[in-house]
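J.: Here the protein sequences line up with chains A and B, keeping their order. Per the numbering used here, the first sequence starts with residue 1257, numbered consecutively. Per the numbering used here, the second sequence starts with residue 18, numbered consecutively.
It is possible that some hints are incorrect.
Claimed, not checked - Output of the computed footprint for chain A on chain B, the stretches with three or more beta carbons under 8 Å from beta carbons of chain A: (1) 102-108; (2) 123-129; (3) 149-161; (4) 168-179; (5) 187-201; (6) 235-244.
Said to hold, decoys possible - Residues on chain B that point at chain A, a partial pick, calculated with CB under 10 Å: (7) N146; (8) P213; (9) D215.
Stated by the list, open to error - Label-pair restraints from in silico Cβ distances: (10) B:R112 x A:H1311: 47 to 53 Å; (11) B:P326 x A:A1453: 34 to 40 Å; (12) A:R1561 x B:D104: 34 to 40 Å.
Derived by calculation from the structure, the hints in this document are not laboratory data. The structure presented is a predicted model; accordingly, all values stated were derived computationally and were not measured. Backbone N, C-alpha and C fix where the C-beta goes; we use that ideal spot for every residue, glycine too.
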Amino acid sequence: MELVCPAGNPPALKSAVDHGAGAVYIGFRDDTNARHFAGLNFTDRQMEEGIRYAHARGVRVFVAINTYPQAAGWPRWQAAVERAAGLGVDALIAADVGVLDYAYERAPDLHRHLSVQGSATSAEAIRFYHRHFDIRRVVLPRVLSLRQLRRVVQDSPVPVEVFGFGSLCVMVEGRCLLSSYVTGQSPNTCGVCSPAAAVRWDETPAGRDSRLNGVLIDRYGPGEHAAYPTLCKGRFEVRGQTGYAIEQPTSLNTLALLPELAEMGVAAIKIEGRQRSPAYVAQVTRVWRAALDACARDPGSFRPRPDWQAVLQSVSEGAQTTFGAYHRSWQ
Amino acid sequence: MNMSDTHSPASMPGLALGPVLYHWPREVVLDFYAMVADSPAEIVYLGETVCAKRRSLRRDDWLALARELAAAGKEVVFSSLALIEADSELRSLRRLCEDDAFTIEANDMAAVSILEERGRPFVAGATLNLYHPRSIAVLARAGMRRWVMPLELSRRAFADIRAALPETVASEVFAFGRLPLAYSARCFTARAHDLPKDDCQLRCLDDPDGLLLKTREGDDFLVLNGIQTQSAHSFNLMAAEVAGPPPADVLRLSPQSRHMPAILAAFDDWRHGRAGGGELAARLEDLLPSGSCNGYWLGGAGMQRLPTPAAQA
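Work out the full structure: start from the sequences and follow the hints.
T.: Following this line, the structure appears as structure tokens:
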């Protein structure tokens, strides 16, 4: 299984390459990718250098152009496809059928991967993208159980990449407008979720409030750990009770499932976190490289080592990690 | 509004009643569609789009209902499930797409794939994420005859797309109702009842307009509807376009449990120019479970209730 690691900037790319990534995924410095955060992503020059660095060490580079353009911004997405093709990246990760169509027409030799933002959850949906755009890989949303995943891998016309570690979107990627409902900007349209510019922290007699465009997302008492107000991870009131009504801040960690994922034929494991630091990328890549190598050597006796899990735990969001939807209990 | 019609800019928009997004008991569903048969809506979307476990009506019940509505002169469209996970869901989808009697609204690319291979024209639902002319052109080649605009797009994006819409494709915009904003593998209704999804006891039957989620300050914010999350506020296009309906071919009204006849009548008055959008929207305000919003259409945050451009002038 290929280890696909995130890089939000050149030092993170080097970290991923140096610590054992099989591929690194990156984005341009604009809203053409789903991690359009201030100070993040690559200029063309940085991308060129990064690709040279990775290729010299046998590591592939994928470029995410995985947001949904609108008519007014379309030339920016066209340019991104052409820049990626010109830079000699190994694959494009795209979600929008218009972007995929354009890439297929203008750069047919550049491999196309269907982004997780494309929300393909069945082999039948994947067949549509394969038929029209000859995609070479699909990244699945974090919503399928292991049994469902096995079926998709079996029937899919192209190799399947799944998320192995990182922040867990509780919603189907590409099918969540909560952020634009509150702030006007969403992952689909702008490549952001719960954008920092809309966040406000208030100290009040009742506690420390986190707000998103004025909406109270959470309130913390003294000594409570305050988290970034991603709006699905706030505490709200339902049926007279206050709590994490949608999702507790947790991280996905599928290390223990590696032998099963390998056995069912998953082609690649993706690590989430282009917004995270080069140190995060180094630590997580090192652990996953070691685990994948151990699993490949002897899947039958593979057990996640406690020191691996301790490292992953230390960089996780929230207090706990989970198998997410891979286990029915989560659903 | 026949599927084979091409769109013409000056004509009055058709009214469509979207699929019921909630879980209502069988008798309630049947009563509701008896009302719809006599309503001004020309198009009626039927079927379950949120959760395959909701089975108040069986397949044959839906088909009987469809035939009755068609006999009453309605264009009937079956809406497909928005999130396909289990094999059984894919099998149901295939069965739905293989029945040539009624048009299908494809809410997932799996449905598009099946319908394209069968050479059947279809309506492309909002969850297909068709945000611009090139992606629309791809789906038009696959057999799309009506395009439903993604909910978060503005009037400006609509105008850009409409200007470039292929002759064979009609346009539809979400004009009324709580906005279906997100889908998940998890059931938030079951979670709110502290039940696992596998043993949810169909508690979504308790809430005919979904389960309200409030902020810790007590403000109505979102609505939990099984695996779907909606806005608490009802989108109302009339509150954004006082002068009259935009040049869309079809306006979609999403059902709520009460007052739908009055809401349908108001939109019918609006499109006939019998009353202004501002006045009608104000009249509907008291009939909404949590008030209204219009932000998406006017280019703002979806939850906002912005002054209309005419009111600003």
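J.: It remains to establish, for every hint, whether it holds in the given structure.
T.: Do the hints match the structure? See the list:
| no. | hint | verdict |
| --- | --- | --- |
| 1 | 102-108 | holds (count 4) |
| 2 | 123-129 | holds (count 4) |
| 3 | 149-161 | holds (count 9) |
| 4 | 168-179 | holds (count 7) |
| 5 | 187-201 | holds (count 5) |
| 6 | 235-244 | holds (count 5) |
| 7 | N146 | holds (6 Å) |
| 8 | P213 | holds (7 Å) |
| 9 | D215 | holds (7 Å) |
| 10 | B:R112 x A:H1311: 47 to 53 Å | holds (49 Å) |
| 11 | B:P326 x A:A1453: 34 to 40 Å | violated (25 Å) |
| 12 | A:R1561 x B:D104: 34 to 40 Å | holds (36 Å) |
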